[in-house]
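Residues per chain are reported as follows:
There are 2 protein chains.
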Amino acid sequence: MGKVYLVGAGPGAPDLLTVRAARILERADVVFHDALVHREVLALASRARIVPVGKRCSQISTDQRFINRSLVEAASRYQTVVRLKGGDPMMFGRAQEELDALAAQGVDCEVVPGITAALAAAAELKISLTRRGLSRSVVLATPRIGTDQHAGEWAAAVAAADTAVLYMGAGEARPLADALKQAGLPGSCPIALVQSASLPGTRNLYTTLDELPRRAPEMSSAGPTVVVLGEVLRRALSAHRSGEEPVAEPLATRASGA
Amino acid sequence: MGKVYLVGAGPGAPDLLTVRAARILERADVVFHDALVHREVLALASRARIVPVGKRCSQISTDQRFINRSLVEAASRYQTVVRLKGGDPMMFGRAQEELDALAAQGVDCEVVPGITAALAAAAELKISLTRRGLSRSVVLATPRIGTDQHAGEWAAAVAAADTAVLYMGAGEARPLADALKQAGLPGSCPIALVQSASLPGTRNLYTTLDELPRRAPEMSSAGPTVVVLGEVLRRALSAHRSGEEPVAEPLATRASGA
Numbered sequence: 001m002g003k004v005y006l007v008g009a010g011p012g013a014p015d016l017l018t019v020r021a022a023r024i025l026e027r028a029d030v031v032f033h034d035a036l037v038h039r040e041v042l043a044l045a046s047r048a049r050i051v052p053v054g055k056r057c058s059q060i061s062t063d064q065r066f067i068n069r070s071l072v073e074a075a076s077r078y079q080t081v082v083r084l085k086g087g088d089p090m091m092f093g094r095a096q097e098e099l100d101a102l103a104a105q106g107v108d109c110e111v112v113p114g115i116t117a118a119l120a121a122a123a124e125l126k127i128s129l130t131r132r133g134l135s136r137s138v139v140l141a142t143p144r145i146g147t148d149q150h151a152g153e154w155a156a157a158v159a160a161a162d163t164a165v166l167y168m169g170a171g172e173a174r175p176l177a178d179a180l181k182q183a184g185l186p187g188s189c190p191i192a193l194v195q196s197a198s199l200p201g202t203r204n205l206y207t208t209l210d211e212l213p214r215r216a217p218e219m220s221s222a223g224p225t226v227v228v229l230g231e232v233l234r235r236a237l238s239a240h241r242s243g244e245e246p247v248a249e250p251l252a253t254r255a256s257g258a
Numbered sequence: 001m002g003k004v005y006l007v008g009a010g011p012g013a014p015d016l017l018t019v020r021a022a023r024i025l026e027r028a029d030v031v032f033h034d035a036l037v038h039r040e041v042l043a044l045a046s047r048a049r050i051v052p053v054g055k056r057c058s059q060i061s062t063d064q065r066f067i068n069r070s071l072v073e074a075a076s077r078y079q080t081v082v083r084l085k086g087g088d089p090m091m092f093g094r095a096q097e098e099l100d101a102l103a104a105q106g107v108d109c110e111v112v113p114g115i116t117a118a119l120a121a122a123a124e125l126k127i128s129l130t131r132r133g134l135s136r137s138v139v140l141a142t143p144r145i146g147t148d149q150h151a152g153e154w155a156a157a158v159a160a161a162d163t164a165v166l167y168m169g170a171g172e173a174r175p176l177a178d179a180l181k182q183a184g185l186p187g188s189c190p191i192a193l194v195q196s197a198s199l200p201g202t203r204n205l206y207t208t209l210d211e212l213p214r215r216a217p218e219m220s221s222a223g224p225t226v227v228v229l230g231e232v233l234r235r236a237l238s239a240h241r242s243g244e245e246p247v248a249e250p251l252a253t254r255a256s257g258a
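Which chain is which? The protein sequence lines are P and R, in order.
Per the working numbering: the first sequence = residues 1 to 258.
Per the working numbering: the second sequence = residues 1 to 258.
These are calculated hints, taken from the structure and not from any lab test.
Treat the hints with care, since some could be wrong.
To be verified - In silico DSBU-like pairs for lysine-lysine, Cα to Cα no more than 35 Å straight-line:
1) R/K181 to P/K181
2) R/K126 to P/K126
3) R/K126 to P/K3
4) R/K3 to P/K126
Hey, can you work out the whole structure from these sequences and the hints?
Laid out in structure tokens, this is it:
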């Protein structure tokens, strides 16, 4: 019986993989990978059979039960089986279903963490998600746009933390902003959208909660985008504003100064 | 003028460093490092002058302004300056003060993310911090034990999220548990303490919020310990309980069955 490694591939850049993950890939016999895993990362698995199972890759969602079965089956045939996931497996990686399926069949399993998108976004912005006197809590969340009874819970969790990073949601900016305001966030809350953090085509945009629905469409849907919110962004937002739109001296001041 | 790299050293295990971080260390001229960075990681910087600036290492806290000045000064003398921090620089790494100091002097700077302790703890437990239908928000926080006006904010953020990971606080279990209960968390909330995640001496312990003050002292203070809270831990807690303390069949049932 082989061993299954649930491995985080990190945020996108191939060299943001961990050294441990790289070494496991080099000796892998088979690699089941999500979409959005860089081809240079897959190339490390030079001995392995490569099996794409991600939604965006094949355009058809591979059924989770099929993935579970495939992992168990592979462990019975190969020594080193890798399940490669974008970011970190334990953060929005749907790892639990696979871990449970493997445990149920008595398959040995190890989790190798990866750099999650929130940390790559902070590195890209060069803004710490925590800051002395300003932020001692950071929530990572996926929004749930809808009207069921749990719809507001994610927004309440975002409003209660000092800093938040939303995985997904940039494409639904209007209902996202509405839900966050309803949860108590002020319209002036500073926001940064970060697209394709760590990759060559990365882009970012500073705005506020009030202006998010108007500004968000400026980001194409070309890459995964996270939404960062919180006072830690205030100074960068102001700096961008003063650079982008020079503030005109108020007429009254000019008149009195003349 | 050289460049300063703020690099995350990850949770402890030397091979949980990113490939990018390892390459930068290999060509570093000088490395200023925190306590708790593994000596094998420092050994990668074979060309560099190694300067410890962490509190636990020297037993004397190096003044932040001194670190800031040292980084700026080093950038004027060396090409590749590394500031190596445990975990991720942007998550409880006090990176902003250094980034600001470098920006103020016009020093080029890049942030290289690292695996933060929460992800290493989840990998160790083999429990995903998020889970379909159970957890879509994860808060990472440092508790603030005290009575000032902001003392309850971190606890409110923890209570509002589906899953929480507290960096620090295991040593102050009684006031920690009190603050979390006051914020609305039930005494039955499942908890896992994870010490020295990713290192050979790692240990973990499952308990509940009610029992935390009694159980927490079982962990020595030998390594950094995070506190994980939330329903994602419920099943593992039950499994540990049934293993540790086999549940006796209630007398009434036995009597009626006899």
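Do the hints match the structure? See the list:
1. In summary, the hint linking R/K181 to P/K181 is supported, as the alpha carbons are separated by about 27 Å, within the 35 Å threshold.
2. Straight-line distance between C-alpha atoms of R/K126 and P/K126 comes to about 31 Å, which keeps the hinted pair within the 35 Å bound.
3. Pair hint R/K126 plus P/K3 holds up; C-alpha atoms about 14 Å apart against a cutoff of 35 Å.
4. Restraint check for R/K3 and P/K126: satisfied, since their Cα atoms lie roughly 14 Å apart, inside the 35 Å limit.
Violation of the numbered hints given earlier is absent; every hint is satisfied by the structure.
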